[in-house]
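Taken in sequence, the protein lines are chains A and B. Every letter in the first sequence is one number past the one before it in this note's numbering, and letter 27, counting from 1, is 28. Every letter in the second sequence is one number past the one before it in this note's numbering, and letter 215, counting from 1, is 226.
Source of the hints: derived by calculation from the structure; they are not laboratory data. Any given hint could turn out to be false.
To be verified - Covered by chain B, according to a simulated footprint, are these stretches of chain A (three or more residues, beta-carbon under 8 Å):
id : region
1  : 105 to 111
2  : 159 to 171
3  : 329 to 337
4  : 344 to 356
5  : 411 to 422
What the hints assert, rightly or not - Only pairs whose alpha carbons sit at most 30 Å apart, straight line, appear in this in silico DSSO-like list of lysine-lysine:
id : chain 1 : residue 1 : chain 2 : residue 2
6  : B       : Lys277    : A       : Lys272
7  : A       : Lys392    : A       : Lys366
8  : B       : Lys277    : A       : Lys476
9  : A       : Lys272    : A       : Lys476
10 : B       : Lys277    : B       : Lys333
11 : A       : Lys272    : A       : Lys467
Using N, Cα and C, we set each Cβ at its ideal position, and we do this for glycine too.
Residues per chain are reported as follows:
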Amino acid sequence: MKRREFVRHGVVATAGLGIAGNTNLAHGILVPTTIGRGIEQDRDSLAMAALNAAQMAGADYADIRINTNRRQFVSTREAIVAGVQDSETSGFGIRVLVDGTWGFAASRDISMDEVARVARVAVAQGRANRAAQLRPVELAPLDWTGRGEWRSPVEVEPFDIPIEDKVALLLDANAAAMAVSGVAFARSNMSFLREEKFFASTDGVITDQTVYKAAGGVNITAVAPDRSDFQSISSIDVMPKGIGYEHITDSDFVGNAPTWAEQAVQKLSAKPVQPGRYDLVLRPSHLWLTIHEAIAHPTELDRIMGFEANYAGTSFISSPEEFLGSFRYGPEIMNIQGERITPGALSTIGWDDEGVRPDEYLIVKDGILNDLQTTREQAPWLSDWYGSQGKPVRSHGNSYGQSWDVTQFQRMPNINLLPHPERDVSEEELIEGVENGILIDGDGSFSIDQQRYNAQFGGQVFYEIKNGEITGMLKDVAYQIRTPEFWNAMDLIGGESTYFMGGSMGDGKGQPAQSNSISHGCPTTRHRDITVINTGRRA
Amino acid sequence: MANFISREEAQRITERALSFSRADQARANLNSTETGNTRFAQNQMSTSGDATNATLTVTSALGTKVASATTNIFTDDALRRVVDTSEQLARLVPENEEYMGELGPQTYPDADQYFESTGELAPERRAQAIAAVTEQAASRNLISTGFLIHQAASNAVATSNGLFAYTTNTRVNFTTTVRTADGTGSGWAGTSAHDFDDLDTAALGATAVEKAMRSANPRAVEPGRWTVIMEPTTVGNMVNLMVNQMSARNADEGRSFFSQPGGGTKLGQQFVDSRVNIRSDPRDPRILSSLFDGSGLPNQPMTWVENGELRNLNYSRYWADKQGVQPTGFPSGWAMDGGDSTIEDMIRSTERGLLLTRFWYIRGVDPRTILYTGLTRDSTFLVENGEISHPVKNFRWNESPIFMLNNIEMMGAPVRISSGESSGLTNTVIVPPLKVRDFTFTSLSDAI
Numbered sequence: 002m003k004r005r006e007f008v009r010h011g012v013v014a015t016a017g018l019g020i021a022g023n024t025n026l027a028h029g030i031l032v033p034t035t036i037g038r039g040i041e042q043d044r045d046s047l048a049m050a051a052l053n054a055a056q057m058a059g060a061d062y063a064d065i066r067i068n069t070n071r072r073q074f075v076s077t078r079e080a081i082v083a084g085v086q087d088s089e090t091s092g093f094g095i096r097v098l099v100d101g102t103w104g105f106a107a108s109r110d111i112s113m114d115e116v117a118r119v120a121r122v123a124v125a126q127g128r129a130n131r132a133a134q135l136r137p138v139e140l141a142p143l144d145w146t147g148r149g150e151w152r153s154p155v156e157v158e159p160f161d162i163p164i165e166d167k168v169a170l171l172l173d174a175n176a177a178a179m180a181v182s183g184v185a186f187a188r189s190n191m192s193f194l195r196e197e198k199f200f201a202s203t204d205g206v207i208t209d210q211t212v213y214k215a216a217g218g219v220n221i222t223a224v225a226p227d228r229s230d231f232q233s234i235s236s237i238d239v240m241p242k243g244i245g246y247e248h249i250t251d252s253d254f255v256g257n258a259p260t261w262a263e264q265a266v267q268k269l270s271a272k273p274v275q276p277g278r279y280d281l282v283l284r285p286s287h288l289w290l291t292i293h294e295a296i297a298h299p300t301e302l303d304r305i306m307g308f309e310a311n312y313a314g315t316s317f318i319s320s321p322e323e324f325l326g327s328f329r330y331g332p333e334i335m336n337i338q339g340e341r342i343t344p345g346a347l348s349t350i351g352w353d354d355e356g357v358r359p360d361e362y363l364i365v366k367d368g369i370l371n372d373l374q375t376t377r378e379q380a381p382w383l384s385d386w387y388g389s390q391g392k393p394v395r396s397h398g399n400s401y402g403q404s405w406d407v408t409q410f411q412r413m414p415n416i417n418l419l420p421h422p423e424r425d426v427s428e429e430e431l432i433e434g435v436e437n438g439i440l441i442d443g444d445g446s447f448s449i450d451q452q453r454y455n456a457q458f459g460g461q462v463f464y465e466i467k468n469g470e471i472t473g474m475l476k477d478v479a480y481q482i483r484t485p486e487f488w489n490a491m492d493l494i495g496g497e498s499t500y501f502m503g504g505s506m507g508d509g510k511g512q513p514a515q516s517n518s519i520s521h522g523c524p525t526t527r528h529r530d531i532t533v534i535n536t537g538r539r540a
Numbered sequence: 012m013a014n015f016i017s018r019e020e021a022q023r024i025t026e027r028a029l030s031f032s033r034a035d036q037a038r039a040n041l042n043s044t045e046t047g048n049t050r051f052a053q054n055q056m057s058t059s060g061d062a063t064n065a066t067l068t069v070t071s072a073l074g075t076k077v078a079s080a081t082t083n084i085f086t087d088d089a090l091r092r093v094v095d096t097s098e099q100l101a102r103l104v105p106e107n108e109e110y111m112g113e114l115g116p117q118t119y120p121d122a123d124q125y126f127e128s129t130g131e132l133a134p135e136r137r138a139q140a141i142a143a144v145t146e147q148a149a150s151r152n153l154i155s156t157g158f159l160i161h162q163a164a165s166n167a168v169a170t171s172n173g174l175f176a177y178t179t180n181t182r183v184n185f186t187t188t189v190r191t192a193d194g195t196g197s198g199w200a201g202t203s204a205h206d207f208d209d210l211d212t213a214a215l216g217a218t219a220v221e222k223a224m225r226s227a228n229p230r231a232v233e234p235g236r237w238t239v240i241m242e243p244t245t246v247g248n249m250v251n252l253m254v255n256q257m258s259a260r261n262a263d264e265g266r267s268f269f270s271q272p273g274g275g276t277k278l279g280q281q282f283v284d285s286r287v288n289i290r291s292d293p294r295d296p297r298i299l300s301s302l303f304d305g306s307g308l309p310n311q312p313m314t315w316v317e318n319g320e321l322r323n324l325n326y327s328r329y330w331a332d333k334q335g336v337q338p339t340g341f342p343s344g345w346a347m348d349g350g351d352s353t354i355e356d357m358i359r360s361t362e363r364g365l366l367l368t369r370f371w372y373i374r375g376v377d378p379r380t381i382l383y384t385g386l387t388r389d390s391t392f393l394v395e396n397g398e399i400s401h402p403v404k405n406f407r408w409n410e411s412p413i414f415m416l417n418n419i420e421m422m423g424a425p426v427r428i429s430s431g432e433s434s435g436l437t438n439t440v441i442v443p444p445l446k447v448r449d450f451t452f453t454s455l456s457d458a459i
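So here's chain A without its partners, still in its complex pose (with noise of 0.2 Å):
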């Protein structure tokens, strides 16, 4: 298993905690340039005549994005293979802000033509939403302006690889899985996706940046002889990232694959959990879930102002001026913060979508609320708060837009649960203070009201807890929490030796619905006396 690897990159995030304004990206390759170096002309030519048609039809300001996405996806089942995919897809899409108001479109053909015609349907479009304006949209300052280049930190090229090498992989590991007894099915995957973002805006910002990401797992499924029962287990600790092939290999999925098949078959006779109240102990592997769910979305503050109501909905955050400052999200030993440097994170960049430079951020200080997620339309909404703790009123760089053909808002940086601030508390400490308790381990079930109060989530494995031990394994556990409670029921939590960054490829916002990679760093951490249900019902 590959957490030291992991706990390596996320002490990395935690050194800089703390250094705001300080971008210090030691392991991605940021290099800003100066404008006219003259490389990419043809990209150079397509987005001056995009920005020129743009500001011709009546724009004040305008942005274009220009992607080509390169995607590779290789899945199996047992000893076949059920797909192999390869994608190599481009195009761009326009921005306008016309008196205040957002215009947007986007084609697949890139051709000077159609950029300049497209620049014009974005305009129109901004200009007959204006007719309902109320408020203009304004936008936060940029404290960089320039040509820059980023990479992300790749030692493998993953589209190198030859393809029988991927397909064996994966289905030596389907085979190590079923090799264990009671294992009925197993199914593997791995995918890859290279995008090149380049990025220019009228307000003199040009940006041509490289991200890659990786992900894969196996899925294991043990069935009860009789048919009663059946139980899955997808590679636990196994979390998508930012960088090449090796997560492929570092992830040894062929000499894993016993053990989750093991604990898959060991499911089915595991106890079911009996409903009540119990401490938890939750890994890193389960936790960065619920603070995505608990933390990470209630803090976006488009959804805080309405603009999300309509589906991903709002926050228990309302207003932010009677929040910032003053709420106890947890105890003091709590700290959240915001970044995008972490190297290998999926959220990991050099210039967000707007082409602004992230900064690190803390959300959470010492157990209270104490700044929010923004963009440059968003940023100004904060003035006030900014103005009274002596900030610059400047996004923090949180704009993203899942390909050309939509446009970008504000997607969640890394959010990290920083470790203990004083010692590094172990696991074991964490567990000999429970005398009733669950630990709970990878992912499961997960689902959390659209003002982020009331959650439930399930895990992988569960593991009963009596008298500061593990005693056995559990199934069929849910917890419910209502948020404010949950974080101040944590009592304790862990040191950098139990940090881990996990994450996902498909996290949903925005209309129309656009996925976006996320990555959540955190230790081990300890809530007393949580809800646990039953979900094994059967009638």
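Dock chain B against the given chain A, drawing on the hints supplied.
Same frame as chain A, but now just chain B:
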């Protein structure tokens, strides 16, 4: 005419691509879309977008070694490259005994699924449709949010064995959430259509406005097992979970609710209330299920559930061949029958129950029983002694469509709904409102 690839152009591109193929068999899937959307929040437009795209996927088979590659550039060079890539990949993968080969020419039902009202929808018209909601909300000091999306699309499939299939369709979806200025009330309404002229945004806005006002300052009532009156959107959300799990293979392999303990499947058994009937049909003008699947296999009219009995499971070509039956296609668009009761009848007949508007964050909990969890949102009301008495706080529920469809008390007239949680473009779902007993709520939510 909307800016998507025509039949002639599709034929030219797919034929050209297949002409470069040196594989034993090959297939070209060409999907072309023109999509437009407008969002609104705080009673004004927020963001919007118009995009044109098209992708070509070439699947190449060397014997039973198969792989695919995709491009969205259709020059000869790009077409050659995508064919080469798929062939190179196919050469390197092992034999796939489940590969069924490409289909030859097929016959498709003649069904017009394209509506100009949707295909030609301009941003100005979208803005007008939205203003019909924002103006109602603003005049009552309420805050409206919502989303209008429409798409005109063409889909083509061509194979090296002479199949060519082409279809066009349009779809539109509109949803709105209206909230009170103090954040204590929230109402929702929405639906989907193939024809934009079928969409009455002013009426949907009026419903959301009325619900927002009526739902203000909810009181808490205890979770537990309740009799519920489910508006159609909530019924569709639940039944969709079941329809999506009707894989014959999973049932045969013992990892599905539809598996029979001890072996076999539940085919032929009554498993829900005898009033439940579910079917799909590409020619039914209300449903317009897709005409063919990705392999070019025609979708036939199918009955999935009849009088509460499981009549069909969904068989892929491979699994059908192995089991000696006909492939069924997937129920991409379906309708459930209803009854004669109105929602008002259901309320009048209820001594103590809850009226539900919308569900949210629906996620699987236990695949053995299709048990899911989720929450109510945007207007939940207590019904007492045949009347709506007051709004109540939202709940988390843990429930299965199977249990729910066994506990039906009353059924209303089926309507088309906006079935996706994100209000995106989805296949047609037509369902009735239901009155159901013993719906399980496990906790309260403070969210409004």
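* **Satisfaction of hint between Lys476 of chain A and Lys277 of chain B, Cα-Cα up to 30 Å** => holds (26 Å)
* **Agreement of Lys277 of chain B and Lys272 of chain A with the hint, judged by alpha carbon distance not exceeding 30 Å** => Satisfied, since the Cα-Cα distance of roughly 28 Å is no more than 30 Å.
* Checking C-beta pairs, does the region 105 to 111 of chain A have three or more residues closer than 8 Å to chain B? -> holds (count 6)
* To do: Take the region 344 to 356 of chain A, compare each residue's beta carbon with every beta carbon of chain B, and decide whether three or more fall closer than 8 Å.
  => violated (count 0)
* **Proposed proximity, Lys366 of chain A with Lys392 of chain A (alpha carbon, max 30 Å)** => holds (15 Å)
* Are there three or more residues in the region 411 to 422 of chain A whose C-beta lies within less than 8 Å of some C-beta in chain B? -> violated (count 0)
* Asked: Going straight from one Cα to the other, do Lys272 of chain A and Lys476 of chain A come out at no more than 30 Å?
  -> Status holds; Cα separation ~6 Å.
* To do: Establish whether the coverage given for the region 329 to 337 of chain A by chain B is satisfied; the threshold is a Cβ-Cβ distance below 8 Å, and no fewer than three residues must meet it.
  => n = 0 at 8 Å, threshold three: violated.
* Does the alpha-carbon distance linking Lys272 of chain A and Lys467 of chain A stay inside the 30 Å limit? -> Holds, at roughly 14 Å.
* **Hint consistency between Lys277 of chain B and Lys333 of chain B [alpha-carbon to alpha-carbon, up to 30 Å]** => holds (18 Å)
* To do: Closer than 8 Å, Cβ to Cβ, for at least three residues: run that test on the region 159 to 171 of chain A against chain B and report holds or violated.
  => With 4 residues close enough to chain B, the hint holds.
Hints 3, 4, 5 from the earlier list are contradicted by this structure; the remaining hints agree with it.
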